[in-house]
Amino acid sequence: MTGNWKLLRIWLLIGIQSFGGGTITMTLIRRNAVDFHGWVTEEEFNRHWSLCQMTPGINLIALTVSIGRQIGGARAAALCLIGLLLPSTLVTCLFTAAFVAVRDLPAVQGAMKGVLPATVGLGMVTACGMAHQPLRHSLRRNWRQLLFASFIMLGSAAAIWTGRVSVTIVLLAGAGIGALENWITDRLSIRREHIK
Amino acid sequence: MNPGLLFLYVLRAALLSSGGMGNISSLHNSFVPRGLATDAQFGQALTVGQLAPGPNGLWVVSLGYLMLGPWGSVAALAGILIPPLLIVWIEKLYSRVQHHPAAEGLVRGLNLAVVGAFVPVLIKLMNGPGVSLLTVSLAVAAFGLGWIKKLPVLAIVAACGAVGVLANR
Numbered sequence: 008m009t010g011n012w013k014l015l016r017i018w019l020l021i022g023i024q025s026f027g028g029g030t031i032t033m034t035l036i037r038r039n040a041v042d043f044h045g046w047v048t049e050e051e052f053n054r055h056w057s058l059c060q061m062t063p064g065i066n067l068i069a070l071t072v073s074i075g076r077q078i079g080g081a082r083a084a085a086l087c088l089i090g091l092l093l094p095s096t097l098v099t100c101l102f103t104a105a106f107v108a109v110r111d112l113p114a115v116q117g118a119m120k121g122v123l124p125a126t127v128g129l130g131m132v133t134a135c136g137m138a139h140q141p142l143r144h145s146l147r148r149n150w151r152q153l154l155f156a157s158f159i160m161l162g163s164a165a166a167i168w169t170g171r172v173s174v175t176i177v178l179l180a181g182a183g184i185g186a187l188e189n190w191i192t193d194r195l196s197i198r199r200e201h202i203k
Numbered sequence: 009m010n011p012g013l014l015f016l017y018v019l020r021a022a023l024l025s026s027g028g029m030g031n032i033s034s035l036h037n038s039f040v041p042r043g044l045a046t047d048a049q050f051g052q053a054l055t056v057g058q059l060a061p062g063p064n065g066l067w068v069v070s071l072g073y074l075m076l077g078p079w080g081s082v083a084a085l086a087g088i089l090i091p092p093l094l095i096v097w098i099e100k101l102y103s104r105v106q107h108h109p110a111a112e113g114l115v116r117g118l119n120l121a122v123v124g125a126f127v128p129v130l131i132k133l134m135n136g137p138g139v140s141l142l143t144v145s146l147a148v149a150a151f152g153l154g155w156i157k158k159l160p161v162l163a164i165v166a167a168c169g170a171v172g173v174l175a176n177r
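Line order of the protein sequences matches chains A and B.
Letter by letter, the first sequence follows residues 8 to 203 of this note's numbering.
Letter by letter, the second sequence follows residues 9 to 177 of this note's numbering.
Isolated chain A (complex conformation) (with noise of 0.2 Å):
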């Protein structure tokens, strides 16, 4: 059982180390709670991670949430919690407040007519990351699926393209087609096994 004290250190050094986004975050947290201080095995860090993807939000609170559970139920939870978001946040509103005194500087505003298109292209990394789980899921059962997925996932895009449906409904509407696609398509396959 690791102490409340030490619980907090050790997060708090995730939060200031993970800069690099996301994928860093998540490694720091992997090797601290398997590696080396055995909180969680390899096979339980992946069963939390696969729930995450199902939480609405930022999926690596939710991780470091129930990785606290584990380790120590609630107080656990909201200690590793603090460790993660506090340095972090604090540098977030510190970058901000340090751009905002600084961002009417010529030199500033030329940067960020780089800066931004370099988002822009990240931001598509991250979309095709997202995009890649449930495509390869779905192109794995067969190429229907596939089609069905493409058809979801091109249909929102072209929702808010025309700026004239709300967000809360394309995304509402794309997981209600998801369910009921998979739901038809398991009991289609339970009848088509029947009859065999």
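Calculated from the structure, these hints are not laboratory results.
Heads up, none of these hints are tricks.
So the derived label-pair ranges between C-beta atoms look like this:
#1 B:L141 with A:N53: 38 to 46 Å
#2 A:T175 with B:V148: 27 to 35 Å
#3 A:Q116 with B:L141: 18 to 26 Å
#4 A:S173 with B:G12: 18 to 26 Å
#5 A:R199 with B:L13: 46 to 54 Å
#6 B:L141 with A:Q77: 48 to 56 Å
#7 A:G136 with B:H108: 24 to 32 Å
#8 A:K203 with B:G12: 53 to 61 Å
All C-beta atoms, glycine included, are put in the ideal place defined by N, C-alpha and C.
Given chain A, put chain B in place with the hints provided.
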């Protein structure tokens, strides 16, 4: 706009999305058409989110700061903190419905819709610096460098920023 309203918008967007950047389209749709935030502020917040430590999803804290100052960042942080706490309930629920095909399809459908809704907003962010051969080339270069994962994000952003400074002298 006050911090309480910002909290509610961020909370709703986070509840209906997955991942740190999945809420971008919902927030963009809530703020930009109403003049509560600009494309430039979204771009700046996303940049800070890429550079700061921790989950990329903290870009919303930066957006809150840009919109309403320190209280805005507190409201935004509270809004993104609550939905992931549902993991506690999801762990219990999942053990009951994990084998139901509709549950699996619902999550996959939501993820696909989130990605689909995310891309048009990213493209619209290009209106900030303006669409030109240079800005499109920088976006494509950043995508390529980000994809191969050989360079840290900080180096990619700094290099593109340096090109921006040189091109606008």
